[in-house]
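Participant: Read off the chains here:
2 protein chains.
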Amino acid sequence: MGSENSGSKRELSERKKQILKAIIEAHIELGEPVGSKYLTSNKHIACSSATIRNEMAELENMGYLEQPHTSAGRVPSEAGYRLYVDSLIDSYRLTEREIEELRTSLRKKQAELDSILDTAIRLASSMTDYTALAAKPRKVRVTVSHFEIIRTDERSMILVLLIGGIVKTRAIRSRVPIGDEASGRLEAILNKKLTGLTAAEITMPLMMEMEREMGADEYLVEPVVKGICETISAFDGGELRFDGIDRLLSYPEVYGGERLRDMLTLFERKQDLLDVFSETEMQTGDDGSVKIYIGRENLVKTMDNSTLVYKPIKRGGILVGAIGVIGPTRMNYSRVIAMIDHLSSGVSNLIEEGDERSD
Amino acid sequence: MGSENSGSKRELSERKKQILKAIIEAHIELGEPVGSKYLTSNKHIACSSATIRNEMAELENMGYLEQPHTSAGRVPSEAGYRLYVDSLIDSYRLTEREIEELRTSLRKKQAELDSILDTAIRLASSMTDYTALAAKPRKVRVTVSHFEIIRTDERSMILVLLIGGIVKTRAIRSRVPIGDEASGRLEAILNKKLTGLTAAEITMPLMMEMEREMGADEYLVEPVVKGICETISAFDGGELRFDGIDRLLSYPEVYGGERLRDMLTLFERKQDLLDVFSETEMQTGDDGSVKIYIGRENLVKTMDNSTLVYKPIKRGGILVGAIGVIGPTRMNYSRVIAMIDHLSSGVSNLIEEGDERSD
DNA sequence: TTTAGCACTTGAAATGCCTGAGTGCTAACT
DNA sequence: AGTTAGCACTCAGGCATTTCAAGTGCTAAA
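If you're matching them up, the sequences are chains U and G in order.
One point on numbering: in our numbering, the residue at position 184 of the first sequence is 184, and numbering is uninterrupted.
One point on numbering: in our numbering, the residue at position 67 of the second sequence is 67, and numbering is uninterrupted.
Hints are computed from structural coordinates only; laboratory data are not their basis.
Check each hint, because a few of them may be wrong.
Claimed, not checked - Calculated cross-link-like contacts (lysine-lysine; reagent style DSSO-like; alpha-carbon spacing at most 30 angstroms): (1) K16(G) x K314(U); (2) K16(G) x K193(U); (3) K16(U) x K139(U); (4) K168(G) x K270(U); (5) K16(G) x K168(U); (6) K226(G) x K168(U); (7) K226(U) x K168(G); (8) K139(U) x K168(U); (9) K16(G) x K37(G).
Stated by the list, open to error - Sample of chain G residues with no beta-carbon within 10 angstroms of chain U, all distances over it, derived: (10) E32; (11) S41; (12) R53; (13) E66; (14) T104; (15) K139; (16) V140; (17) H146; (18) V160; (19) A199; (20) E253; (21) F267; (22) L274; (23) D275; (24) G288; (25) Y293.
We put the beta carbon where it would ideally sit given N, CA and C, even for glycine.
Make a model of the complete structure from these sequences and hints.
Facilitator: Here you go:
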């Protein structure tokens with residue numbers, strides 16, 4: 001209420017920044033409200049506890065700090081964390097050892113995107129000590145670019161669909177024997193008629209046309225097309241995978257009791273979380289940097305008290321997924337950000353360079 | 001002590017059985033130790049609380065009951081539960097509604113085993129209110145029965161492997177353009193040389209022989225074979241999936257604090273649980289009935305206090321997986337058993353009949 | 001403008017008491 | 001001999017009370 005900035009958020013004095021930063025970092029480390037006295041031991045702050053108290057009172061007025069109760073220390077508010085990650089944070093330098101670990105672990109899995117992602121979240125979780133997750137975003141337009149039919153025995157075959165670089169398969173069985181010639185013809189027709197179409201664009205007339213072209217073997221068309229539609233539809237739902245759910249329990253203050261249950265339910269239902277990834281800039285143009293959602297900023301109500309840090313994964317400039325961690329608001333931001341940044345880039349490079357080399 | 005059965009487990013009197021059964025069922029329902037007085041209200045028991053106390057004391061001597069502390073009621077011991085599920089339990093009859101729900105939900109997913117399993121565990125979890133899990137057991141001998149190569153563009157192709165009825169794919173990219181003729185020849189060679197072999201049986205001399213046969217395009221062999229080996233090796237690890245982990249929290253007495261963490265870790269690591277499925281009779285001959293592991297009977301130490309109920313899933317007589325639920329020892333056995341029995345059979349039928357009909 | 005000092009607030013932990021449920025045992029009852 | 005009623009005893013859980021320590025805001029002095 002003095003003459004200086006009372007509530008109006010103009011600019012923070014250097015000392016206020018120092019104090020806020022110290023409080024946040026102390027709180028991240030200790031998990032408890034931090035008091036004025038404790039801060040005097042901080043080497044970057046050279047004033048008495050009384051002065052600090054005054055500053056803290058003002059910071060609280062400005063909305064950067066909160067007080068759980070009268071006689072407790074201060075705790076950073078969401079606005080405080082936001083300011084912190086936006087302008088106060090020191091960027092964490094991964095150690096040589098950490099970089100090496102990320103590199104070698106990733107290298108080993110020179111396989112499909114799916115297993116790379118599995119490795120990546122396992123890494124992310126174990127190295128940050130938070131719950132890690134990877135998402136493949138919901139596709140806007142899912143189409144098959146190529147069909148292939150593999151005969152297994154005389155009455156069954158496997159349909160192979162190439163959807164946006166990912167292979168999906170589906171077994172088709174028939175009561176009567178299928179001729180090799182018929183399946184070959186079916187394959188050709190599928191490739192001619194259905195490539196580039198979404199499930200919604202596969203119409204009855206189109207199917208009837210295909211049946212006509214198949215002639216005597218028209219009975220194959222309906223089950224196959226039905227299978228294709230189902231597969232396409234099943235594909236467009238994004239995917240979400242986790243690792244290190246057990247680490248939520250390391251933060252009982254946050255994920256205790258009901259909250260934990262909500263969180264687990266959130267992970268199980270998946271949909272809400274997928275929406276987070278889809279609704280944000282992931283779909284549209286996006287600078288590809290690390291994203292941070294703190295507390296209420298999250299679209300999912302369950303996730304106040306939590307922070308989501310993630311970074312998109314790109315292949316050939318287009319978005320194919322994201323990897324991140326989720327944890328309590330008081331997470332170790334600088335370390336997590338550095339990790340996720342590096343890891344996501346690593347995955348991107350890995351799948352990118354697969355296009356260039358074969359090894 | 002007395003003249004009668006003191007500790008020696010000969011045969012239980014009818015009344016003791018009634019009392020034990022009543023105690024177990026009351027405990028399952030209420031989750032609390034049950035006392036002598038409470039039981040007098042049970043209509044199947046027609047004697048005073050004092051008599052019940054005497055009987056309970058003897059049952060405790062015999063090891064079927066336990067006392068948390070002196071002035072608390074009795075709680076069933078693991079031996080008590082075991083006796084209960086083996087000989088006291090009334091078999092639960094699913095209601096028409098329940099059967100209908102199982103049937104229709106399963107029908108909808110007329111797809112691959114994987115998605116059927118997903119549906120099944122979701123159902124199992126929601127209908128029993130416990131955590132459900134499905135396993136595909138570790139295969140003893142993993143071999144590829146058929147290879148197929150799909151060209152996507154001139155420098156990349158997709159390798160399709162048919163492993164025990166399941167399709168696995170792998171992208172292969174080359175720095176130099178691959179001729180159609182070359183990939184066709186490679187496919188033929190793979191089918192000739194590698195079908196029926198495990199990863200361990202693919203030797204260097206064999207690969208060199210293939211390179212010789214490929215002539216000028218020998219450079220393709222090494223990356224492809226390497227990819228095949230990796231895919232086969234990755235396949236043999238069984239798979240495990242869950243649903244309803246959040247339901248553990250409904251039983252805080254059991255899964256509170258450290259225990260919950262242990263459980264989550266168990267679910268995340270997967271290996272230990274897979275071992276349970278693999279080490280039991282699943283691999284060898286097996287009558288295909290519902291299996292019940294109570295408390296310490298479980299091979300995994302984390303799982304005392306828990307019961308695992310599962311039933312194998314078979315296709316054409318051979319084992320392809322299992323589905324079950326895991327929950328506190330005091331779970332509602334009769335209902336869960338009936339559910340899992342029905343559900344597993346349903347899945348078995350579903351994939352079985354897929355071999356007969358096409359629709 | 002900073003600092004020292006002091007009175008005040010308040011949650012957490014410790015303590016002690018009480019209650020009620022449930023037992024084991026003995027003695028009476030059938 | 002088996003069953004029941006009665007009684008003394010035990011113990012966990014709830015409740016109120018106290019104590020403690022941390023931390024604050026404010027005032028007055030430097």
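Participant: Looking back at the numbered hints, which does the structure fail to meet, lowest number first?
Facilitator: Going through the list in order, the structure violates hints 1, 2, 3, 5, 17, 18, 21 and respects the others.
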